[in-house]
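A.B. asks: Chains as they are written, first to last, in my numbering: chain A, 1 to 250; chain B, 1001 to 1310.
To be clear, the hints were calculated from the coordinates, so they are not data collected in a lab.
As the structure is a computational prediction, the values presented were derived from the model and not from experiment.
Please note that a few of the clues may not be correct.
[As the list claims (entries may be wrong)] Below, in silico cross-link-like pairs of lysine to any residue (SDA-like), each with a Cα-Cα straight-line distance of 25 Å or less: (1) K1064(B) / R247(A); (2) K1076(B) / A8(A); (3) K1064(B) / A12(A); (4) K1076(B) / V103(A); (5) K1076(B) / T3(A); (6) K1076(B) / A12(A); (7) K1076(B) / G244(A); (8) K1064(B) / G244(A); (9) K1076(B) / E51(A); (10) K1265(B) / R1252(B); (11) K1076(B) / Q99(A); (12) K1064(B) / L1031(B); (13) K1076(B) / I7(A); (14) K1076(B) / H6(A); (15) K1076(B) / T86(A); (16) K1076(B) / R246(A); (17) K1076(B) / P187(A); (18) K1064(B) / Q248(A); (19) K1076(B) / F4(A); (20) K1076(B) / W242(A); (21) K1076(B) / S127(A); (22) K1064(B) / W245(A); (23) K1064(B) / G1036(B); (24) K1076(B) / P98(A); (25) K1076(B) / L229(A); (26) K1076(B) / A112(A); (27) K1076(B) / Y11(A); (28) K1076(B) / R13(A); (29) K1076(B) / Y102(A); (30) K1076(B) / G87(A); (31) K1076(B) / R84(A); (32) K1076(B) / Q248(A); (33) K1076(B) / I186(A).
[Said to hold, decoys possible] Far from chain A, by Cβ distances over 12 Å, these chain B residues were calculated: (34) V1012; (35) L1165; (36) R1209.
Quick reminder that beta carbons are idealized off the backbone N, C-alpha and C, glycines included.
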Amino acid sequence: MTTFAHIAGIYAREARAQIVSSFRTPQFLIPSVALPVMFYALFGVALARNEAPHMAQWLLATYAVFAAIGPSIFGFGVYVATERETGIIALKRVSPMPQGAYVAAKLAASVAASVLALTGIAIVAASAGVTMPAWRWAAVFALGAASTAPFALIGMNLGLRLGSQGATAAANFLFMSFSVLGGLWIPLTILPGWMTTLAWALPSYHLGQLSLMLAGMTPAHDVLAHVVLVLAVLAVAAAGAWRGWRRQGA
Amino acid sequence: MPIPEISPSPAVIRGLVKRRGAVIAVNGLDLTLRVGEVTALLGPNGAGKSTAVALLTGRLAPDKGHVSVFGGDPRKAASRARLGVMLQEAGMPRGLTVAEQIDLFRGYFTSSRPRAELIDLAGLNGLERRRCSALSGGQQRRLQFALAICGRPDLLILDEPTTGLDIEARHPLWSAVRVEAARGAAVLLTTHYLEEAEALADRVMVIDRGRVIADGPPASLKAAAASSAIRCVTRSSDAVLGALTGVFQVSREGARVVLMTRDAKTTVRELLVHDPDLEDLTLAGASLEDAFTRLLADSAGTQHTLENAA
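Turn these sequences into a full structure, and let the hints guide you.
C.D. replies: Structure representation (structure tokens):
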């Protein structure tokens, strides 16, 4: 029992330290939290006056997923690469810290940043006249928080395989691609049909579609397909991250 | 302090082979660390020191042979509970303060030293609230030392601990390492600095190309250093040369013979008596550095046994 309490304590302290450390780093906080809120205020509210609050509610749903991508793909991609290069990971791995605590702590920081960004977005949305039943708000927040997992694992694949420069470039590329091509910034319904076909390859699209359903913007359709495809991406990314982690030597 | 006989050795390496890419980084290494003893692993870059450390700390798995830490596999987190490690290159998370980083590592151990004691031992007084990103290179090394000893380790592995430290900062760290050994920790230290090995180690192992080429107390390395090398072309047999006064090692460099002697004057006199026609006679005093370099140059041959200087 003491062993369990000890291990749980390590996970908790590691998560707290990672959150404190990340939130003191402007390079992490600005793109992860400030950027989504600003973009949302611009595209969801300011530029969508005629269509508000419909557009504000639509983009609230897709921005819930967008807000999860930044902190996950940068928090894991760029920071894992940097911490690998500087030897922080090696030092943690030779310590008695359970290895899962490192990943869990980073995920906690990503979830914290994405929930903070989503809170900012929700405040802007509510002030722009978006109204939803409480359970829909809760569902959108929960999906947004859960969306960090696949992008975190994708980011970890970058961080474990590329140098910090390469990981930054790749993270930026994926961040933009997932957001735009996944229909998170601009609804795919107003874009050419082939873009929707392409979007089926992206986890961001499926999460965005699920979020739109939870926000009551679209009727439930293809739910199983979206869930299965997200889980498939999650599984492949997790396997890749595990292999990359195991391969890390001295 | 009496140590129970039954407890397994802090660290045992037997017949270790580890290939890294095309290179055999460690080639049949044997090593046993003992309680309360400081062992220095000395060797040039690429000798296999860091690979040995990576294998002992469970970051790499051996290709052949056996590594154990307190009788367990170092790749298991439980085996590392009594291990403290200072790696050669370890950055610190930028966003945490010194105190936060120390407390985080203290939390990995079921019983850890109080933070104030660690700050004192590592010489970090006044830096507790400083962000790790604002520390100088030397201060970062000292913080890494604090992290290595925060669990009162029974096995302390220090990979080039004073690289990047200025001379004045080395001595306090040496004292702190001595404190750990006196407490009963087995210490493994890798270093480039002969002075450091001499100051700290009870035992020095020189490794080159993944093998131990010399193993003995530092005094024996010093004895080798206090000697001279005589080179010449001579008809005298190795048996005759080995019997000359002062000579403790005979080897050959092509046509020339190399005599290591503790009494160059007498050796040369006797050498000339045995072979008045000898040619190309040169005499070189060996510095500590020379002794070390010679050991490495000779490492293609068999392992040296360093004798204790009388």
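A.B. asks: Confirm or reject each hint.
C.D. replies: Verification of the supplied hints:
1. For the suggested pair K1064(B) and R247(A), the alpha carbons sit about 18 Å apart, so the restraint of at most 25 Å is met.
2. Using a Cα cut-off of 25 Å, the hinted pair K1076(B) and A8(A) holds, with the two alpha carbons roughly 18 Å apart.
3. With a C-alpha separation of about 38 Å, the suggested pair K1064(B) and A12(A) falls outside the 25 Å cut-off, and the hint is violated.
4. A hinted pair counts as satisfied when its Cα atoms are at most 25 Å apart, and K1076(B) with V103(A) qualifies at roughly 18 Å.
5. A C-alpha spacing of about 15 Å is found between K1076(B) and T3(A), which places the hinted pair at or below 25 Å, so the restraint holds.
6. A hinted pair counts as satisfied when its Cα atoms are at most 25 Å apart, and K1076(B) with A12(A) qualifies at roughly 21 Å.
7. For the proposed pair K1076(B) and G244(A), the alpha carbon gap of about 18 Å is at most 25 Å, so the pair holds.
8. In summary, the hint linking K1064(B) to G244(A) is supported, as the alpha carbons are separated by about 23 Å, within the 25 Å threshold.
9. With a C-alpha separation of about 59 Å, the suggested pair K1076(B) and E51(A) falls outside the 25 Å cut-off, and the hint is violated.
10. Of the pairs offered as hints, the one joining K1265(B) and R1252(B) holds, with about 21 Å between alpha carbons and a cut-off of 25 Å not exceeded.
11. Annotation: proposed proximity of K1076(B) to Q99(A) holds, straight-line Cα distance about 10 Å (limit 25 Å).
12. For the hint pairing K1064(B) with L1031(B), the CA-to-CA distance comes to about 15 Å; that is within 25 Å, so the pair holds.
13. As the CA atoms of K1076(B) and I7(A) are separated by approximately 15 Å, the hinted pair is consistent with the 25 Å bound.
14. Between the alpha carbons of K1076(B) and H6(A) the distance comes to roughly 17 Å, so the proposed pair stays at or under 25 Å and holds.
15. For the suggested pair K1076(B) and T86(A), the alpha carbons sit about 23 Å apart, so the restraint of at most 25 Å is met.
16. Of the pairs offered as hints, the one joining K1076(B) and R246(A) holds, with about 13 Å between alpha carbons and a cut-off of 25 Å not exceeded.
17. The hinted pair formed by K1076(B) and P187(A) fails the criterion: a straight-line CA distance of about 50 Å is larger than 25 Å.
18. Of the supplied pair hints, the one linking K1064(B) and Q248(A) holds, its CA atoms being roughly 19 Å apart against a limit of 25 Å.
19. Annotation: proposed proximity of K1076(B) to F4(A) holds, straight-line Cα distance about 17 Å (limit 25 Å).
20. Taken as a hint, the K1076(B) and W242(A) pair is honoured in the structure, with Cα atoms around 17 Å apart against an allowance of 25 Å.
21. With a C-alpha separation of about 53 Å, the suggested pairing of K1076(B) with S127(A) is violated against the 25 Å cut-off.
22. Distance restraint check for K1064(B) and W245(A): the Cα-Cα separation of roughly 22 Å lies within the 25 Å cut-off, and the hinted pair is therefore satisfied.
23. In summary, the hint linking K1064(B) to G1036(B) is not supported, as the alpha carbons are separated by about 28 Å, beyond the 25 Å threshold.
24. For the proposed pair K1076(B) and P98(A), the alpha carbon gap of about 10 Å is at most 25 Å, so the pair holds.
25. This hinted pair does not check out: K1076(B) and L229(A) have alpha carbons roughly 35 Å apart, beyond 25 Å.
26. Of the pairs offered as hints, the one joining K1076(B) and A112(A) is violated, with about 31 Å between alpha carbons and a cut-off of 25 Å exceeded.
27. Under the criterion of a C-alpha separation no larger than 25 Å, the hint pairing K1076(B) with Y11(A) is consistent with the structure, at around 18 Å.
28. Among the hinted pairs, K1076(B) with R13(A) is consistent with the structure: their alpha-carbon atoms are about 21 Å apart, no more than 25 Å.
29. Proposed proximity of K1076(B) and Y102(A) is supported: the alpha carbons are some 16 Å apart, at most 25 Å.
30. Of the supplied pair hints, the one linking K1076(B) and G87(A) holds, its CA atoms being roughly 20 Å apart against a limit of 25 Å.
31. A C-alpha spacing of about 21 Å is found between K1076(B) and R84(A), which places the hinted pair at or below 25 Å, so the restraint holds.
32. Note on K1076(B) and Q248(A): the hinted pairing holds, with a Cα-Cα distance of about 15 Å set against a maximum of 25 Å.
33. Between the alpha carbons of K1076(B) and I186(A) the distance comes to roughly 49 Å, so the proposed pair goes past 25 Å and is violated.
34. Remark: the non-interface label on V1012(B) is consistent with the geometry, its nearest Cβ contact in chain A lying 18 Å away (cut-off 12 Å).
35. No Cβ of chain A approaches the Cβ of L1165(B) within 12 Å, the least distance being about 17 Å, so the stated non-interface status holds.
36. Taking the minimum C-beta to C-beta distance to chain A, about 17 Å, the non-interface status of R1209(B) holds against the 12 Å cut.
The structure fails to meet hints 3, 9, 17, 21, 23, 25, 26, 33 from the earlier list, while all remaining hints are met.
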